[in-house]
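**Student:** Residue numbers (my numbering), protein chains in the order written: chain A, 1133 to 1209; chain B, 857 to 1435; chain C, 2 to 322.
The reader is advised that the hints may include incorrect statements.
[Stated by the list, open to error] Using 27 Å as the maximum straight-line C-alpha spacing, the simulated DSS-like pairs for lysine-lysine come out as follows:
{"id": "1", "chain 1": "B", "residue 1": "Lys-980", "chain 2": "C", "residue 2": "Lys-163"}
{"id": "2", "chain 1": "C", "residue 1": "Lys-101", "chain 2": "B", "residue 2": "Lys-1009"}
{"id": "3", "chain 1": "B", "residue 1": "Lys-964", "chain 2": "C", "residue 2": "Lys-257"}
{"id": "4", "chain 1": "C", "residue 1": "Lys-49", "chain 2": "B", "residue 2": "Lys-971"}
{"id": "5", "chain 1": "C", "residue 1": "Lys-163", "chain 2": "B", "residue 2": "Lys-981"}
{"id": "6", "chain 1": "C", "residue 1": "Lys-320", "chain 2": "B", "residue 2": "Lys-971"}
{"id": "7", "chain 1": "B", "residue 1": "Lys-1198", "chain 2": "B", "residue 2": "Lys-1318"}
{"id": "8", "chain 1": "C", "residue 1": "Lys-49", "chain 2": "B", "residue 2": "Lys-980"}
{"id": "9", "chain 1": "C", "residue 1": "Lys-177", "chain 2": "C", "residue 2": "Lys-101"}
{"id": "10", "chain 1": "B", "residue 1": "Lys-980", "chain 2": "C", "residue 2": "Lys-257"}
I should point out that these hints are in silico values taken from the structure, not numbers from a laboratory.
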Amino acid sequence: MPSTKITNTVPVTVNAEACIADKGCSVCVDVCPLDVLLIDQAKGTAYMGYDECWYCLPCEKDCPTNAITVHIPYLLR
Amino acid sequence: MTANAGSDEVMEVDVLVIGGGTAGPMAAVKAKEANPDLRVVVLEKANVKRSGCISMGMDGLNNAVIPGHATPEQYVKEITVANDGIVNQKTVMAYAERSYDMIQQLDKWGVKFEKDETGDFNVKKVHHMGTYVLPMPEGHNIKKILYRQLRRKRVEVINRYMATRLFNGPDGRIAGAMLLNPRTAETAVIKAKTVILCTGAAGRLGLPSSGYLFGTYENPTNAGDGYSMAYHAGAELSGLECYQINPLIKDYNGPACAYVTGPMGGYTANAQGDRFIECDYWSGQMMMEFYKELEGGKGPVFLKLDHLAEETVEEIEEILHTNERPSRGRFHENRNTNYREKMVEMHISEIGFCSGHSASGIWTDENARTTVPGLYAAGDVGSVPHNYMLGAFVYGAIAGEDAAAYCADHELPEIDKAEIDKERARILAPLNREHGVPAHQVEYKLRRLVNDYLQPPKVTRKMEIGQDRFAEIRRDLELISAEDPHELMRANEVSFILDCAEMAAAASLYRTESRWGLYHYRVDYPETDNGDWFAHVQTKKGEDSKPVNFKRPIDPYIVELGDAEKDAYQKLRVNNANA
Amino acid sequence: MNLSFDDGADLDDIRERLSSPDAGIRRVAVMDLIDAVDDPDAVELAVKGISDSDAGVRAEAARVLDEFEGEDVIAALLSALTDADETVRLAAAESLAETKDRSAGPAILVWLETDDAFVKASCLRALRELRVPESQAVALEHLGHAEPTVRREAIGVLAYLKDDNVLMALMNAARKDPDPTVRKVGVGSLVFSKTDRAADALVEALGDENWQVREEAAFIIGKVALGSAVSPLIEAMNDEYWQVRVKAAGSLGRLKDPAAVDVLGQALSYNISNLRKEAAAALGEIASPNALPFLQVACEDVDPDVRKIARWAIDQISKNP
């Protein structure tokens, strides 16, 4: 079947200044139950790769440098 | 992209625990304590540090059976009444008898329960019946504590692998599981003498009214994996027509936490600010009253806290915004909902399976054994009703201990190589398809159909149409394509969800009466029929690979209900019907 | 074939990263120690982290140390209570409070000799759970400390020990402490006095200027079944805060004195339903036939919880010969 892409806003934002993924940190990626956070190896920061969020917050709470903010997904805000 | 299509790495273990949330870590720790020489592995689709429905902690126990406050007998009675009599009391008793020991065990490990100023447990009396509420205002460290125990007891942990199917040995007993890595699409096989399913609720069955696939009441990681795997392994499931439906904060879809706010003076009210629930038990009857008020002229329903003092509201915010579902604070903020000024709009959840809150689960006895030798189930996926978090811990412990004993006199069964090859091909197929339908589209449609056709009030013809639609989705499974291993995980989860939807429809159609209030309200069979239906409804995989249903008689009660108790409950119904 | 997927920590690798000049790398290495709590060599690395030059590393070390036990761990956490960085200090206090090891008592007691209020409060907090008798004298001394947080934790230590000999001191705190939070904790601590020795303080607290102190007192009086406090509780049924009246009603129910029937009956017409509910339940506990007229009205209450409890209460009265 032919297909197309649609753009979604995602609930998790990462402060690239604060993120220490380049130092080997992967806490947010490790703790996400839905495995939706990824690390951009080129930039050395984490980001949300899939719009599949339970807004449960371990990524935000466990981040050692407070680099993550979880917003309520737009559809249920 | 094709992953290892050839051979799979094989690991041989004694006890394989699938699911590292609540029951799972406890099962593994207790199996290891029972016999430290056993090889015990916890398999987790996410990461045991933060997995399962208590990933951010828990704000209280609502079924704590603590001497001086409630007796096991009293608890068994209340659960029996709350479940309209359809319980295997022995399983409820097995929980109740170990409830307090488990609280003490968790306390010793460092889990924080509310205590009075002298360090004694601060059990809250909610009403004139048994007292079961023990708050946990600082209950956010629970996963950390479980993780520490796993490490100390040298349990092996496998994170980020999902189990897709179980294997049976030549004699039918459990033999192991197929694994899929959702980051690399690698597959693996674990051969095991025993498997303990601790995979939680089927949380992605109905679609939340927000339409957001992952905005579910339950942790959406729990797609019904265990229900589906047990089914294909030939195990009996029970009470699948007794859905889980819970009251919650509308759109946010998180619990209202009545047992946190209740002892502090908050309550569920209608638009006039009045209480309206007659039923004393957390049950389908209560949900029916909730549903009627929601849809009625005095609706919708709210959580009322605006009559409380500033100091109390601050305390409630502190607890609710740091535990279990802490993002609710920012949800309210977005909508300018201040507990002090506005009641919080509530709604009911999408349907799901979860014995933790209702009674739908893999059939287990008081030893957590399923009907397949060597296969156990504990926590939300097992069939012990109203088990909640503490029941998951207790049944995890029971399963771990029993599995350890089972290992002592059983050899590792063989797994048929052809079965492994077949399963590998099945789970990897979406990766090899091009231009197929993405998993999220199929999932959305499937779960929308679940809402349209299975959500109570249940109507026979609608459920039959639902079955036809599900059959079409089953054909669509062959069209799903996945662009990466992550999507492959979602594709395989769709197949779990579909199995659950088909089982829910079959069990609901089979029980031709109404029971458990809203959970199984059949509009065309509105009466409860104890003559024909005072029995468990079981579901099993049939010869034609479709679900078959049959009755299982209720075991004789070990705690008899007085006439007054049964009567009181019936009276409530009558009053309500007249209202 | 024997494949292990276990993601446990590789200590050599962590050790190497800990010697990196990059603080971020050292910090992540310390965090990884959480996967190594079963390795006896890990504790030494965690302890070392507490003296790192970087505050982020020290904070992670303070956090991860609650996974470990032993003298060195306690010593490291105690020293971190005076760290220059507040995050480190708070993390250390939290980890210290987690210890269940009673042999840590003497080391913690030594630190109570410092002048720093934060250190004192944190040490008292940690001592509370340990319940070591030696902490009693020190805690008593700290009841007079200038900082409310220190006094609050000192009460905690004493209350956990449940020693009748310190009852006077706790009563004193409940009555006279200038801080309402401390007075409330003081009132709560009197719950272990199963005699009426604490009666004066509890009754006095019913007249405290702070409503939460009064609420706690009304509750504790019922919990310790202080029969002599019925009249003051009846008086408390006129408190301006309904929250206090709810607790007073509950306690009157526990004390089962028929003298309370009238005031509880009147409370059945108050506009906050939580209070009507509690009053109906109390009347059921007392089970005096004099309550019947009140309860019959309550059976028609707009609130179903009040109706249900009123029915139950009437049932209790009919069972009471």
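**Student:** Work down the list of hints and note, for each, if the structure agrees.
**Tutor:** Hint-by-hint comparison with the structure:
1. B:Lys-980 with C:Lys-163: Roughly 22 Å separates the two Cα atoms, so the pair holds.
2. C:Lys-101 with B:Lys-1009: holds, 18 Å
3. B:Lys-964 with C:Lys-257: Distance of about 37 Å is beyond 27 Å: violated.
4. C:Lys-49 with B:Lys-971: Violated. Lys-49 (chain C) to Lys-971 (chain B) sits at ~35 Å, over the 27 Å cutoff.
5. C:Lys-163 with B:Lys-981: Distance ~24 Å between Lys-163 (chain C) and Lys-981 (chain B) Cα, so the pair holds.
6. C:Lys-320 with B:Lys-971: violated, 35 Å
7. B:Lys-1198 with B:Lys-1318: violated, 38 Å
8. C:Lys-49 with B:Lys-980: The hint is violated at about 44 Å.
9. C:Lys-177 with C:Lys-101: violated, 32 Å
10. B:Lys-980 with C:Lys-257: holds, 20 Å
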